[in-house]
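Student: Let the hints inform the model, and build the full structure from the sequences given.
Each protein sequence line maps, in turn, to chains B and F. All residue numbers for the first sequence refer to our numbering, where the first residue is -15 and numbers rise by one. All residue numbers for the second sequence refer to our numbering, where the first residue is 83 and numbers rise by one.
Certain hints may be false.
[Unchecked claim] The calculated lysine to aspartate or glutamate pairs, modelled on DMTMM-like cross-linking and capped at a C-alpha distance of 25 angstroms, are:
1. 252/B / 420/F
2. 252/B / 140/F
3. 252/B / 387/F
4. 252/B / 319/F
5. 252/B / 356/F
6. 252/B / 142/F
7. 252/B / 145/B
8. 252/B / 167/F
9. 252/B / 379/F
10. 252/B / 161/F
No lab work stands behind these hints: they were computed from the structure.
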Amino acid sequence: MGESLAATSNLLVYSAMTAYAVALVAFALDLSGRGRTLVAPAPGQGALVGVGAGAGAGGAAGAAPARDDDETGVRRRAAAVGVSTTWLALLLHTAAVVTRGVSAGRAPWGNMYEFTLTGAAVVTAVYCAVLVRRDLRYLGVFVVGPVLLSLGIALSVLYTESAQLVPALQSYWLVIHVSVATVSSALFVIAFSANVLQLVQDRRERLAAAGRPPQRGRFMERLPGSVELERTAYRLIAVSFPLWSFTLVAGAIWAERAWGRYWGWDPKEVWTFVIWVVYAAYLHARATRGWDGRRSAYLALAGFACILVNWGVVNVFFPGNHSYAGIG
Amino acid sequence: MSAPGAPAGSGPVTQPRLGALGTARFVWRQLTSMRTALLLLLLLAVGAVPGSVVPQQDVDPAAVATFREEHPALAPWLERLGFFDVYASPWFSAVYLLLFVSLVGCVLPRSRQQWTAWRARPPRTPSRLERLPEHRVVTAPAGGDPLGSAAAALRRRRYRVEVRPDGPDGAGGSAGTGSVAAERGHLRETGNLVFHLSLVGLLLALAASSLLSYRGQVVVPVGQGFSNTVARYDTFEPGAWVSPDDLAPFAVGLDGLDVAFEEAVGGQLGQPRDFEAQVEVVEPGQEEREDVIRVNEPLRAGGAEVYLAGNGYAPVITVTDAQGRVVYSEATPFLAQDAAYTSTGVVKVLGAQPDQLGFTGAFLPTAVVDERGPRSVFPDARDPLLLLTGYRGDLGDVNDGLPVNVYELDTRSMEQLTTDDGAPWSVALRPGDAVDLPGGLGSLRFGYPPASEGAGAAPDAAGALAADAEALPRFAGLTVRHDPGRLPALAFSVLAMLGLVASLFTPRRRVFVRVLPGQGGGARVEVAGLARGEDAGLAAEVDALARTLGSSAEPASPPPAGGEHRSDGSVPAQEATGAGHDGARAERPPSPTATGTSTTSTSTTTRTRS
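Tutor: Set out below in structure tokens:
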């Protein structure tokens, strides 16, 4: 039964990836300006008028019922398609995670493949949860893209058969420590996308202020300004940082039980600590005159680079107690 | 500092000499500035990295030794720079100690400020509320007490409230007019301070751990035991303030050890699945008790924890010397070198005559011998094989009672045993096998000496199997650790996290309500709010308050301008705080919104690019 469930899980991952790909295209269309139509300000009429630049607005979308998407009267059919396919992908992805867990009879994050699979699902879940409250559809490409990429890496490089755990991982701390680490990482991923966009936007704004409006990357004009992007990134990191602290402390408690010391400078511990310090520096920088805005965003990017190292390099190349990757 | 500046157009200006005290004050101010803290934080992050790349003496001494051999040119330089022991190196210590000095130097003055702020009254009501970022005007019904209900509503929302009615000695307003000033969010700075002070506590707890803890490692074959004494441990790492007398007296006997490995063929074949040691614990003044130790479930005894850190095989080896005396018959631990438990070990026969004997070799639980050499392919004992070579002579330091590594053979004053044709002597034994040593030195047997000759003339299969198991007990690698610093460390960590959450998510707000006489007997009520720092919920709060106080709200602020994404909160908070509304405290710089430790920080919502 375990094997067939694991096969089902793999099938679901492929299905989710297909849905993500559709969502990615839809979000990209939205950013490109196609798939957006200006609803005539006269209410109740529902007359559609093409937007100046992206005239051939029809594109992919059929005659969807008119609905005011935001107060400005721009209808974003492509973005709507993106959001609904992202929800579909999340559903399939979650099913893949659950079947994988059931096939092994434990929490589905016992090796690097499973951690990546679950982590990517959490990224999408966090994004969808934020979407309910705030309009972050402009981030769609930059969230779905990395998710799709990491699923591809998970399947092609990290794939490991579904199996039982080594004794060191057989603890309820696996559920506590790793699940919080996953949610925290997911928030850092989305914040990273916002930070990158912030820096691009910031550069465009400075060029425009210097009287040389940038010619390329017109789609950025449909994104919020750098200040708004900066604030979005900060809010995500502000939520993520305490969760990362918790990951650190929970990891120490578990290490005390499993290895007989709560802190031993194992490579994974070192990098988790480094990430914590870098994001702490980000929070400090944001409150320091002269270091806010662009400079603190660079620190956040450095923090995210450390997360990538912690995920992709430490498990595989640095021998240590956390070598559970399971890839040979 | 000493170079005098010479502004153009004026005569030479000599800066006043700072003097010793002034210099000290200057250095202290630099050290406790946010910029320095930021720099030190980044240095700490960068400094921690090499310890994950270069092997560390504390974590894995064997890896350090290998690294030295592989990089003979680089290793001495790394050694000089402390890269093999990064986290105890002077430069790493300097960074974190400076960081903590900076932290304390910043947090203490702020704690004093916060103490005053806790007891201060809410600020003066600004004269022109419409200049605050959020402003609503409602009309309260006649006959009510808008001031009173505003104060009550704000108190319910956990504001510190001060009601300032236009009293009889005031400017002659009609009854019921006046203003309410309210403030909340002191928890933000308090949380910030708690977080930083808890980090200091955490550092002290770590120091206590390092000074007061000890860690001993011991290898115990099934059927044997150990007592918590320094002499019994294979390795013992005491903290600087630990003396051997401090070890709590207790003893642990190992009754059994269950292991399970992945049997399913595939990538995970041979991966460990479960380890469990059954033990008997004896503590003074207590009944002997039975317990189990598993990987995530240490045993608690005598204020220390006993962890199951490893396991392996301790094949029983019996050596009979030239005179036919049994001089060695022991379960001898062979330490696993890989995942399939290819193990190495040493036998030291101190009492052999005429010469002392030593053997080194390998034990393979599931042996395969082919062109790639002998090795084990599965960690369970499916086809055990013991490979040994021997030495005769003087075993060295161990004879003088000096501490030596049990798992190394000092062959400096020994010669290797050879066969008659001069080749090195070596044997491969299965459980129950026995061989004669070359040169009439005696014999060696994989197992205990036969109980009595003749009794077991025709051993049946079951008997042979039992003999095998007897000849091949497992051992448990146990780690004993006593660490009085861990609970304080946990307590400070939890406290730090609570402080962190409070400092990140407590909004700092001021809300003012002014009641003026309105038309038709009602009262005109103005509600205004001011956020100090990041605050997404201020508008909703002011709205809700306005709704409870009156009806027919006429929005004072214009509706949001068109545009796909409104950049909300773009009204600079500092303009509002600094423009004189805040007279009582204008001289105090606004506090940072994040977890700042700075004295030079500023509110973060003040910069907008447009």
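Student: Indicate, hint by hint, whether the structure satisfies it.
Tutor: Hint by hint, here is what the structure shows:
1. 252/B / 420/F: holds (22 angstroms)
2. 252/B / 140/F: holds (16 angstroms)
3. 252/B / 387/F: holds (24 angstroms)
4. 252/B / 319/F: Roughly 23 angstroms separates the two Cα atoms, so the pair holds.
5. 252/B / 356/F: Answer holds: residue 252/B to residue 356/F is near 24 angstroms, not above 25 angstroms.
6. 252/B / 142/F: holds (15 angstroms)
7. 252/B / 145/B: holds (23 angstroms)
8. 252/B / 167/F: With a Cα-Cα distance of about 17 angstroms, the restraint between residue 252/B and residue 167/F holds, given a limit of 25 angstroms.
9. 252/B / 379/F: Holds - the C-alpha atoms of residue 379/F and residue 252/B are around 22 angstroms apart, at most 25 angstroms.
10. 252/B / 161/F: Holds, because 23 angstroms separates the two Cα atoms, which is no more than 25 angstroms.
The structure is consistent with each of the numbered hints, conforming to all of them.
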